[in-house]
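Q: Note that the protein sequences, when read in sequence, are chains G and Z. Numbers 115 to 236, taken from our numbering, label the letters of the first sequence in order. Numbers 407 to 1026, taken from our numbering, label the letters of the second sequence in order.
Keep in mind that the hints were calculated from the coordinates and are not lab data. Note that this is a predicted model, so its numbers are computed, not measured. Please note that the accuracy of each hint is not assured.
[Stated by the list, open to error] Cut-off 20 Å, straight-line C-alpha distance, at most; resulting in silico cross-link-like pairs (EDC-like, lysine to aspartate or glutamate):
#1 G:LYS209 x Z:GLU1022
#2 Z:LYS502 x Z:GLU751
#3 G:LYS206 x Z:GLU1022
#4 Z:LYS686 x Z:GLU606
#5 Z:LYS765 x Z:ASP658
#6 Z:LYS505 x Z:GLU762
#7 G:LYS204 x Z:ASP1024
#8 G:LYS205 x G:ASP174
#9 G:LYS232 x Z:GLU1022
#10 G:LYS204 x Z:GLU1000
#11 G:LYS205 x Z:GLU1022
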Amino acid sequence: MAKRIITVDDAATMRRLVGYTLRGAGHEVLEAEDGEDALRVLAGQTVDLVITDVNMPNMDGIELVRRLRAKPQFQSTPILLLTTESDPEKKKQGKEAGATGWITKPFQPDQLVAAVAKVTGL
Amino acid sequence: MALDPTSASINSLSISIDAYGNAVDFEPVIASVSLGLHALGRWLNFSKNGPVVVDTSIWAESRDRVSRGRQDMDKTFHQLGNGLDSLMSANTICMKKAKASVRASAGSIASSSGESTTILAEAAEVCRRALRFTEAGAEHTNRIRLSLNELETFSRKIQQLGTEISDHMRPAEVVQVMLRIECSRLDEVARAPLEALCAEITRVCDRMNSTVEAEFELVAKTLDTVLAMTDFAEMLESRKQQSDLRRAELGDEMVELDQSAIELAERDQLLETRSASLGKAISGLMQAMQFQDIVGQRWEHVQDGFTRLAAASPNDPEAGWNAIVQQAQLDEANSEMAEALSSIEDGLQNVCRTEESLKDQLQATLADSRRQLMNVRMHAVLFEVWGLAKDNSAELLSIESLSAPLVQIAGKMGSRIGDVSHEMRIIALNAQIQAARFGSNTGLEVLAESLRHIADLMSDGGNALEGHARNIERTAIELRSEFSLIGKDCGTVLTECDVDFPSAVEQLLSQEDVCNRLLQDALSSLNLLAAARTQMETCLSLAVGHLEDIAELAQACDDFVEKHYRGEQSVQTLIEAKSLDLESARYTMASEKEVLLQLAGKPSPATENAKATTGELDLF
Chain G
115 MAKRIITVDD AATMRRLVGY TLRGAGHEVL EAEDGEDALR VLAGQTVDLV ITDVNMPNMD
175 GIELVRRLRA KPQFQSTPIL LLTTESDPEK KKQGKEAGAT GWITKPFQPD QLVAAVAKVT
235 GL
Chain Z
407 MALDPTSASI NSLSISIDAY GNAVDFEPVI ASVSLGLHAL GRWLNFSKNG PVVVDTSIWA
467 ESRDRVSRGR QDMDKTFHQL GNGLDSLMSA NTICMKKAKA SVRASAGSIA SSSGESTTIL
527 AEAAEVCRRA LRFTEAGAEH TNRIRLSLNE LETFSRKIQQ LGTEISDHMR PAEVVQVMLR
587 IECSRLDEVA RAPLEALCAE ITRVCDRMNS TVEAEFELVA KTLDTVLAMT DFAEMLESRK
647 QQSDLRRAEL GDEMVELDQS AIELAERDQL LETRSASLGK AISGLMQAMQ FQDIVGQRWE
707 HVQDGFTRLA AASPNDPEAG WNAIVQQAQL DEANSEMAEA LSSIEDGLQN VCRTEESLKD
767 QLQATLADSR RQLMNVRMHA VLFEVWGLAK DNSAELLSIE SLSAPLVQIA GKMGSRIGDV
827 SHEMRIIALN AQIQAARFGS NTGLEVLAES LRHIADLMSD GGNALEGHAR NIERTAIELR
887 SEFSLIGKDC GTVLTECDVD FPSAVEQLLS QEDVCNRLLQ DALSSLNLLA AARTQMETCL
947 SLAVGHLEDI AELAQACDDF VEKHYRGEQS VQTLIEAKSL DLESARYTMA SEKEVLLQLA
1007 GKPSPATENA KATTGELDLF
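Chain Z extracted, bound-state conformation (with noise of 0.2 Å):
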């Protein structure tokens, strides 16, 4: 384009409408005359050399390249309000989900309400008895210990006193038989009453045979019974222990539960932080996108501006500054834009740690609900116990119905022995009669001798036997009383242990069965959070390959810029007397005025006012 140094410097100064088409008004620069003839000094200096030749090509190009980039930005970030809509939705899932999730684990362990307290209480009440009831059969244990000792020793006795009485029969075995000797040598009249004695002494023979046969089995008794309750007192024993172990390990899970019950809690609070960091962050996002608008009409100013420079002469000052002003307005623009993105980075990235902060503490929580299994195996434990004390009360039934015969025999015993001897002491009497009625000289003087000796003998010994056979009856008694007094426990502890265990375990598994699920729903949800912030992500990069465009195109108007227009005075000149005159031109936006008022070298404190004051209210 060739250049008319003399009608550019006449339309330039007769130009009274901006490259904006609004009315500016010239009059500072036409009265300094001064300046205008050193501006037009340094066009006619400019052009010297005569007619140059400029490109203008540049403007048309970059006001499509505007045109199109702002059309696409548009589009982009049309895209990212859909991905702003999905992860403010994807947030309210997720968060509700998370707390849902966390709270009913929590709820589970160690909430004040609830059917798992309720059980949890129960159970433990359960134990709490379980475990006096094995305390208390321990002290049985003692007492039942005791009680077989004596049932053993006297069993021993009476053993040894079977023996003896054994012993004793013996005599009247040989006084048998010297009886029947003497009835051999009499006649029949005379041997009658001796043959009868002689009958009689056998009857009782048997008789004492028969209660010494009882005598061992009662030893026989008395001894399996001892063997029995030594076995049973010896699982009590063990029961104890076991349910000694059993208490610890519940004293354990206890700790630990409530170990897991403040991590809960705490976790329940930072899920709070969480929430209110991401919508921290979606506010953020909110207000960066907005910038959308805001660079948008600054491009469109630019626009206009390109269109007008695509239009005037090059040679003009006025295109030269016009020039200025839109790149500067369009490298403002993009910067604003780039920090824009940047905060929608930031933001995202934001998102990106809540996220993974989400995930680690749901997955820190499904770790801990699956510790919360310890609550079933503190139920477990107790069912165990609870089994000891109904095994205990199962066997008692056997052991009592093993001392009752025993109490029984051992009673009857004293007086069975007492009967023999009572018997045979009348039978030596008889004897003795019998002697004075054949006389001195007869064998029967000896006889009744022996008899009254047995007699004595089985007095004596039935009276020992009959003393053990009533201290075996005591024993067993006091056993059956000790018997009756854990039966009583094991009664009280099987009749408040009416909880359905089983139905307890399986109710806690099911609990700890939804929360897991809910946890793990929860940590699904997070795939919607990120979905949304890849979604976004994506925007954010196409958003950011259109502002490289147009910063690229900046770059080239820059180029264009200084290489023709930059550093010329006659440009510089009208700068500074347009700056003057802001006001009336149509630089409305406060960022835009800025530009010009930075172009100018000048301060502008009403704007930086207004930037710190966007977004509150001013009311009329």
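Next up, chain G with everything else stripped away, as it sits in the complex (with noise of 0.2 Å):
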């Protein structure tokens, strides 16, 4: 069943990658450069899964899944943090956040796609 998932990276790059990915696998995907940018876009709709970079401008993903855990219609909706980062002090930051879970880039696609299906139930 396709799910509703929105990506949120500086690196133009890294937005296409997921895309292709998950679009590839029957997903639809919103796209976002920042938390600030995130937090625009899932004005007023909700996504399936957000998966978010750590370390971007603006706003950060730690910031950014503390500001949807805030809202009450993302309380339950798995985060990811997809990141270059591997810092155990920034997986407890994500983690107290309100993080789902945490995946270390470079990742293969399959492995993307295997993590949706995991937290999104599929």
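Hints are included, so try docking the two chains, each in its own frame, into the full complex.
A: Here is the structure:
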């Protein structure tokens, strides 16, 4: 079953690659350049999954997770942090903010598709 | 720039913000007094020959070059993304078309469903029946040959009898002359019965002559029939041979078609493998392209480091430490990007190999599809066999029409000869009566005797002729029966062969045409794949160029670091001290920590583990 997913990353190439992978698996993919842009895109609509980078200008991924979790409609939405970071401290921050899981870049397309299936209950 | 060793050493100990603006705890360094004093000693020694002038413009220049390199790489990767987009789209199209065309070709040969199979099955059935007919035709031929031999024998006997009867007719003509002489000697009253007898003899002779003519007509017709039937029998034989030849050809065609079907099934399987291989190549490309983001961040960090270096005092050991770190980070980042570009190159080579393989497979299938025309040829052969049956059927009608009057004439012949013989006997009896009337001294007795003898001869000949004529009639009837059987077989074949052959062949040709067009289309679609690959290869060359620029810069930094900082004890000491405090610094990327630990000569199992698990979901 197709899911509605938003990918948040300041790198256009990453957004594109995530988009290719998930659209190829039959999902609908929205895109945002950073945390602020994501909040703008998600205003008034919901998604089945949020995949966000951590280090981004304007608003980073950890802050985005906090803001989304503060909204009732996103309290149970799975949020994955897809990042080059592998620092345990950052991971801890992500977990405390309410993220569902962490994926370290680079990913193989089937790994991402499998992760999406797992957290969205496909 | 003038170097003040005293202020520099004080500054180096009082700085509490690292090169990236993060708070750094120098407690371990300060606590290590001996280490610090040693560093100070090295630093004083480092500058014992007085102030050293160092041109630090390299850092500002490096920062700008890394910035340009990053931007260029971003643009190039954006184009690479476009190429990947085209590649994925071309992959979908090519694979879809390749599979469709190969499967259509396979379907046209040996699929278990579809029109072509039905046509093939019908054609095979027709062929089977047609061949059975020609075999049956051969049996008929043999029987017809025997009948024809009999006919010929009988007709020759009739011919002989006709000659004999003609010979017998000569005495009757003599008797006639004698009678006329006798008549001339008698008065009118007495001669009247003799004249009547004479007229009767003339009439019977005429009838006999016409009967003999009929015999010759029968013989002529029989011989004509024999000739025509022999030709027909020979033709049947020749058609049987032709059919046998075609049947052998059909067998060969079928074997080749079976082989072709096997090859197509293998090709279909191979296409699946190629499709998976291409998918894997694209997946690899997608993974490699993520390094634009990963390495980009590292370059960004290095760029920040260069900015700080540009602003720092060049004689500060902190600057030396920072320069060594940035140079090492730059090398590592470049190496990572080089690895990514190499993966992209591998991926594109894989795409290229897949393209070539697809091209080979499709061209081979196209060649196969030409072989599929064997289907059509096979049908043409069947059509030919069917044509033979049709020809047989048509010729049968003319042969039958030839044998019909033969039966009719032969049937009348016997009775006609019997009639003439009977009449001749009556004449002989009449002549005997006349002889008794005129007395034994007249020539009439001789005449009567001659006539009786002639009647006997004619009776014997007539009996023999009648027998032969009946034989001819019987043989002709048998022949007609054989023809009837052949006709029935032909009729069966023609009725059962109601498949429209020309239309079936046309359909197959059209089917082949469709397959060939699909294959050509699939081959053309490979151009899309090649174009996308070429586009990506061009981008890759550009990316390699950008990386070479940054690598050249890294070399310049390395030379600078080598010349001014590496090997300096104070800097080395600082590196060792700082490496103990990595967790508090802003080196959060696993690969960056790896560089720092390497510089400090310390292994990092945690980082190794992190590298091994990239892409895997770590659920909280």
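Q: Against this structure, judge whether each hint is valid.
A: Hint-by-hint comparison with the structure:
1. G:LYS209 x Z:GLU1022: 16 Å, holds
2. Z:LYS502 x Z:GLU751: Measuring from Cα to Cα gives roughly 25 Å; hence the hint is violated.
3. G:LYS206 x Z:GLU1022: Holds - the C-alpha atoms of GLU1022 of chain Z and LYS206 of chain G are around 17 Å apart, at most 20 Å.
4. Z:LYS686 x Z:GLU606: Roughly 116 Å between the alpha carbons, so the hint for LYS686 of chain Z and GLU606 of chain Z is violated.
5. Z:LYS765 x Z:ASP658: Status violated; Cα separation ~29 Å.
6. Z:LYS505 x Z:GLU762: 15 Å, holds
7. G:LYS204 x Z:ASP1024: Distance ~13 Å between LYS204 of chain G and ASP1024 of chain Z Cα, so the pair holds.
8. G:LYS205 x G:ASP174: 13 Å, holds
9. G:LYS232 x Z:GLU1022: It holds: about 12 Å lies between the C-alpha atoms, which stays within 20 Å.
10. G:LYS204 x Z:GLU1000: 17 Å, holds
11. G:LYS205 x Z:GLU1022: It holds: about 14 Å lies between the C-alpha atoms, which stays within 20 Å.
Hint compliance for this structure: hints 2, 4, 5 are not met, and every other hint is.
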